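Using the hints, position chain B against chain A.
Respectively, the protein sequence lines represent chains A and B. Residue numbering for the first sequence is 1 to 409, as defined by our numbering. Residue numbering for the second sequence is 410 to 818, as defined by our numbering.
These are computed hints drawn from the structure, not numbers from a lab. Worth double-checking, as some hints may not be accurate.
Said to hold, decoys possible - The calculated SDA-like cross-link candidates involving lysine to any residue, where the alpha carbons are at most 20 Å apart (straight line), are:
1) A:Lys-390 / B:Arg-784
2) A:Lys-96 / A:Leu-3
3) A:Lys-390 / B:Trp-536
4) B:Lys-499 / B:Ala-467
5) A:Lys-175 / B:Asp-519
6) A:Lys-175 / B:Cys-749
7) B:Lys-799 / A:Lys-175
8) B:Lys-499 / B:Trp-536
Predicted model, so just to flag it, every value in this text is computed and none were measured.
Number of protein chains: 2
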Amino acid sequence: MSLQGNALVAQSGGPSAVINNSICGVIETWLDSGRQGKIYAGISGIKGVLNGDIVDLAAQRREDVAGLRYTPGAGIFSCRYKVSAVDHEKLISILKKLNIRYFFYNGGNDSMDTAYKTWRAAADAGWEMRVIGVPKTIDNDLPFCDHSPGFGSAAKYIAATVRETGIDLESVSTKNKVTILEAMGRDAGWLTAASALSRRFPDEAPHLIYLPEVPFYKESFLSDVERVYKQLGYCYVVVSEGISDENGEYCFTSGAVDAFGHVQLSGVGIALKDMVEREIGIRARCNTLGTAQRAAMHFASKTDADEAYMAGKTAVEYALAGKSGVMVTLQRASDDPYRCVCSEVELDKVANIEQKLPVEWINEQHNYVTDEFIRYARPLIEGEVAIPMKHGLPNYVRLDFSKGRVSID
Amino acid sequence: MSLQGNALVAQSGGPSAVINNSICGVIETWLDSGRQGKIYAGISGIKGVLNGDIVDLAAQRREDVAGLRYTPGAGIFSCRYKVSAVDHEKLISILKKLNIRYFFYNGGNDSMDTAYKTWRAAADAGWEMRVIGVPKTIDNDLPFCDHSPGFGSAAKYIAATVRETGIDLESVSTKNKVTILEAMGRDAGWLTAASALSRRFPDEAPHLIYLPEVPFYKESFLSDVERVYKQLGYCYVVVSEGISDENGEYCFTSGAVDAFGHVQLSGVGIALKDMVEREIGIRARCNTLGTAQRAAMHFASKTDADEAYMAGKTAVEYALAGKSGVMVTLQRASDDPYRCVCSEVELDKVANIEQKLPVEWINEQHNYVTDEFIRYARPLIEGEVAIPMKHGLPNYVRLDFSKGRVSID
Numbered sequence: 001m002s003l004q005g006n007a008l009v010a011q012s013g014g015p016s017a018v019i020n021n022s023i024c025g026v027i028e029t030w031l032d033s034g035r036q037g038k039i040y041a042g043i044s045g046i047k048g049v050l051n052g053d054i055v056d057l058a059a060q061r062r063e064d065v066a067g068l069r070y071t072p073g074a075g076i077f078s079c080r081y082k083v084s085a086v087d088h089e090k091l092i093s094i095l096k097k098l099n100i101r102y103f104f105y106n107g108g109n110d111s112m113d114t115a116y117k118t119w120r121a122a123a124d125a126g127w128e129m130r131v132i133g134v135p136k137t138i139d140n141d142l143p144f145c146d147h148s149p150g151f152g153s154a155a156k157y158i159a160a161t162v163r164e165t166g167i168d169l170e171s172v173s174t175k176n177k178v179t180i181l182e183a184m185g186r187d188a189g190w191l192t193a194a195s196a197l198s199r200r201f202p203d204e205a206p207h208l209i210y211l212p213e214v215p216f217y218k219e220s221f222l223s224d225v226e227r228v229y230k231q232l233g234y235c236y237v238v239v240s241e242g243i244s245d246e247n248g249e250y251c252f253t254s255g256a257v258d259a260f261g262h263v264q265l266s267g268v269g270i271a272l273k274d275m276v277e278r279e280i281g282i283r284a285r286c287n288t289l290g291t292a293q294r295a296a297m298h299f300a301s302k303t304d305a306d307e308a309y310m311a312g313k314t315a316v317e318y319a320l321a322g323k324s325g326v327m328v329t330l331q332r333a334s335d336d337p338y339r340c341v342c343s344e345v346e347l348d349k350v351a352n353i354e355q356k357l358p359v360e361w362i363n364e365q366h367n368y369v370t371d372e373f374i375r376y377a378r379p380l381i382e383g384e385v386a387i388p389m390k391h392g393l394p395n396y397v398r399l400d401f402s403k404g405r406v407s408i409d
Numbered sequence: 410m411s412l413q414g415n416a417l418v419a420q421s422g423g424p425s426a427v428i429n430n431s432i433c434g435v436i437e438t439w440l441d442s443g444r445q446g447k448i449y450a451g452i453s454g455i456k457g458v459l460n461g462d463i464v465d466l467a468a469q470r471r472e473d474v475a476g477l478r479y480t481p482g483a484g485i486f487s488c489r490y491k492v493s494a495v496d497h498e499k500l501i502s503i504l505k506k507l508n509i510r511y512f513f514y515n516g517g518n519d520s521m522d523t524a525y526k527t528w529r530a531a532a533d534a535g536w537e538m539r540v541i542g543v544p545k546t547i548d549n550d551l552p553f554c555d556h557s558p559g560f561g562s563a564a565k566y567i568a569a570t571v572r573e574t575g576i577d578l579e580s581v582s583t584k585n586k587v588t589i590l591e592a593m594g595r596d597a598g599w600l601t602a603a604s605a606l607s608r609r610f611p612d613e614a615p616h617l618i619y620l621p622e623v624p625f626y627k628e629s630f631l632s633d634v635e636r637v638y639k640q641l642g643y644c645y646v647v648v649s650e651g652i653s654d655e656n657g658e659y660c661f662t663s664g665a666v667d668a669f670g671h672v673q674l675s676g677v678g679i680a681l682k683d684m685v686e687r688e689i690g691i692r693a694r695c696n697t698l699g700t701a702q703r704a705a706m707h708f709a710s711k712t713d714a715d716e717a718y719m720a721g722k723t724a725v726e727y728a729l730a731g732k733s734g735v736m737v738t739l740q741r742a743s744d745d746p747y748r749c750v751c752s753e754v755e756l757d758k759v760a761n762i763e764q765k766l767p768v769e770w771i772n773e774q775h776n777y778v779t780d781e782f783i784r785y786a787r788p789l790i791e792g793e794v795a796i797p798m799k800h801g802l803p804n805y806v807r808l809d810f811s812k813g814r815v816s817i818d
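So here's chain A without its partners, still in its complex pose (with noise of 0.2 Å):
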């Protein structure tokens, strides 16, 4: 099983607030295996190790690394960039250079198709390299897993704002009598889900929830807030961006497509804002978070950033133990006390592929989730990360990448 050589770790897609701990988990327990080979960063993902802009991550210090644990961001900075043929070529050249036999690539759906691709990639070429996906995205909607590390943080960011907001909304709701909460999840609901969890009472908020799952009916959420304001006087809203029609098209696009073809989302929250104000006559108002959802390190999970370093730890563990072409999963062990344990998958099993909310933990009415969901998602969204502060706010890290530069020529 042994393989003498390098490892190279890169992060891409959005961030995560926990994605760092994954790096963290990769780098310090490589660091630590008292293995002879180098630990290397590409910087910016894929599209970073493409253009040669590698370093040796011996160069950082060790304390700022031990600081990835509680800085948002990608540490090691990510991309968003579908790796052609042409382009796996000059990579395995690249890998071979530096003598790259771990490679592990920290990311969502669309990373681990890039994963994929580089193991075969390195198989076709005869390069053995072992390859480890480290699963991450607030999205959770990573395949195979009981969930993804990243999502019990915004879900707790997210049902946090929620609780607070909704105090605010209804301690003085003489004004904008509605609030709308635009949550990311392009396709799949379970961000806009956890929202639920911020409800203690029944006229707390959030008093509606719309996902992608299930079609949105604009006739349906108007009558549904109606309701809740009458019976309240006032009515909060959480709506996924990318809610749909019975035909399964976005409800509000811009119309642009990033580089693997998705299709852009647009203002949603205000949309539905003004749909109440001019077919309601009441006056509301919009929330979009936007990227705090998956940056929000301050009010992070414990649970969720002590997971994602386990997830970037056995990423280690099980390439020194020879398993290659695989991603890192997350199981639920058991439920009360909550325990969860690493696993794996194939790849190529993973790849592209979108777990969605089941809609048996959607109501009849689809305006709202079941109390099965909120007993699965609550365990993630347990206990706070402790940061450092100055001057009243987190001391994040910054790694140095003026420092360990490879020369690749």
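For chain B alone, coordinates are given in the frame of chain A:
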């Protein structure tokens, strides 16, 4: 100086994360003063008082009252309502019936106008009643104050969010290269400016800040963004919801007007995002935190929370000492170490006046703030409030207003 009778406290205007600290300060100081008089709450501000929606706060559990120190929203509910001459007659009759001799009103500029008019109406009616205003506004625009309770917490939350989403932007700028964050504060740029507290390194977010105190020029904005983008590959902009043109007209309004005649703003962030995409041709994103800015108790400033409590406590002390017709103010006694004390100002001086960000604290290019502003604002965001957690979320209190209801007739 001794005046026997009961007290009434009420809140009005938009809440801050720490507004309930002031209410708690009023209630606890009154209850602990050993006076015979009751302390009532007007539920939903002056409008609730007029509707006879009044409760005896002795009916609440003391631990719930204490819990107001970590609970956002308006704990005794709020309103936006301009009191008329007819209302005043009814108001005085209700205050007489309940033998209200101490009247505490917690809010911003408009609320101090209400407090002043209530004071005058009582005097005109020959009803001896001491009226004290307790300041509150995340906008930080109350005059005669070094700063307003509520500002520090909103400033801390927005600065943390800009730091986190800024790190997110710089770590994955391949897709959306410009982030626009829209900040509250219609005519005063304090909160927008506070985002600058986030920046530790010259290339860190925010890169550009646009304030309502100076005219906004579309051409300057676009060339600023393009310059930063060319230099760094990304650009983070924070903009006030109330930016105005050279004639002092809001750049973006919805056309609607509120009870106090204020024009309703809408969609500055989205408008600028669209402008960047259309005119510069680079993809942008907009984060609109909305009411989260004034409700995010989970990351409130301890300094701010303690000062809000002190303002409420001082209001009762002032009233018991015979003062009336004044608002409590916060004055900076010392910069290093930072120390803040209470003082007072006549209600008629403060009502309806907005204290704007000094133009000297805005840079020459009108696209950032000076270090002097940073020195001013930094102490206000120090410290965090300990909040009891349950199931991974802040377990905020909710007073029970079915208890202690009074009958007016």
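Can you give the numbers of the hints that this structure goes against, from lowest to highest?
-> Per hint list: 3, 4, 6 and 7 violated.
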